[in-house]
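Asker: Sequence:
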Amino acid sequence: MAYKLDFEGSNDVGAHCTLTNSYCIIGQSTCRNFYSVFEERLDIPIVETRINSIRTVGSLCCGNNKGLLLPQTASDQEVLHIRNSLPDGIRIKKIDEKLNALGNVICCNDKFAIVNPDLDDGSIEIIQHILGVEVIKRKIGPESLVGSFAVMNNRGLLVHPSTSQDEMEELKDMLGLAVIAGTVNMGSTVLGAGLVVNDWIGFTGNRSTQREISVIDSVFKLTDEDEETKQKAWIEDLVK
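Going by numbering that gives the first Met the number 0, 58 is the number at position 59 of the sequence shown; the sequence numbering is gapless.
If you're looking for bench data, these hints aren't it; they were derived computationally from the structure. Do not rely on the hints blindly, as some may be mistaken.
Claimed, not checked - Under the rule of at most 20 angstroms between Cα atoms (straight-line distance), these lysine to aspartate or glutamate pairs were calculated in the DMTMM-like manner:
(1) K171 to E124
(2) K93 to D120
(3) K3 to E38
(4) K136 to E168
(5) K136 to E169
(6) K110 to D95
To be verified - Pair by pair, the computed Cβ-Cβ distance ranges are:
(7) Q76 to D172: 19 to 29 angstroms
(8) K97 to M0: 37 to 47 angstroms
(9) Q76 to D117: 29 to 39 angstroms
(10) G8 to R210: 18 to 28 angstroms
(11) P116 to Q164: 14 to 24 angstroms
Source: prediction; values computed, not measured. Virtual Cβ for every residue (Gly too), placed ideally from N, Cα, C.
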């Protein structure tokens, strides 16, 4: 299921975190509450860091089970710390891209990456290689900042409420996923800033309503098995 929390009073949980099935990146904080919630719920490596000395790591990086993309502004020391903390086999690379808030311009799972149509061809090639995904250049609804206005795992896609029914059907057919429009944090359409999910758990801001959490649990299928069972099954599949 999806749990509610905040980052030092901010409900922008997704701006301060990137979550995959095999690792979690969170922004450094002097308050241990944020880290403790993830530590209690996750049995995967949790990397506490900054990127370019900035704590909104969820807005700046993007990753999946195969790799992690960082902006060119990440320091060598930050990259080394992240690399040494990630599981073996996770590819990591910096992208020299003018749209360097990668978490805002890329929405991905382990098979697909929907990206801002303005990303250059060199960046597209890197995304394909590092994340091992099919790249789709398009807006979602009226928004080109697809990572800000959509969230995806391997089971579903939550999109901006201005996304038309025809477009949701198109995305459903293209991705083979459930697609639902919704909000977080009591009506916010900036989904990526207020929510992170993997295939068995989600985290959203304290302002999110029970109705919003019900939609999150439904589209990402976070309620059909308990978290420990899903997490254990995924890890067993990984090591086969």
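Asker: Given the hint that K93 pairs with D120, test it: the Cα-Cα distance must not exceed 20 angstroms.
Answerer: holds, 15 angstroms
Asker: Is 29 to 39 angstroms a correct range for the gap between the Cβ atoms of Q76 and D117?
Answerer: Given a distance of about 30 angstroms, which is inside 29 to 39 angstroms, the answer is holds.
Asker: Taking 19 to 29 angstroms as the hint, is the beta-carbon distance of Q76 and D172 inside that range?
Answerer: This hint is violated: roughly 44 angstroms between Cβ atoms.
Asker: Would the pair K136 and E169 pass a check requiring their Cα atoms to be no farther apart than 20 angstroms?
Answerer: holds, 14 angstroms
Asker: Range first: 14 to 24 angstroms. Now tell me if the beta carbons of P116 and Q164 are that far apart.
Answerer: For P116 and Q164 the Cβ distance comes to about 22 angstroms; the hint holds.
Asker: Between G8 and R210, does the beta-carbon spacing fit 18 to 28 angstroms?
Answerer: holds, 23 angstroms
Asker: Please verify whether K136 and E168 have alpha carbons no more than 20 angstroms apart.
Answerer: Cα-Cα ~17 angstroms, so holds.
Asker: Can the restraint linking K110 and D95 be considered satisfied, given a maximum Cα separation of 20 angstroms?
Answerer: Answer violated: K110 to D95 is near 23 angstroms, above 20 angstroms.
Asker: Falls inside 37 to 47 angstroms, the C-beta gap from K97 to M0?
Answerer: At 38 angstroms between Cβs, range holds.
Asker: Holds or violated: are the alpha carbons of K3 and E38 at most 20 angstroms from each other?
Answerer: Between K3 and E38 the Cα gap is close to 14 angstroms, so the pair holds against 20 angstroms.
Asker: Take a quick look at whether K171 and E124 sit within 20 angstroms of each other, Cα to Cα.
Answerer: The given pair, whose Cα atoms are some 24 angstroms apart, is violated under the 20 angstroms limit.
The structure fails to meet hints 1, 6, 7 from the earlier list, while all remaining hints are met.
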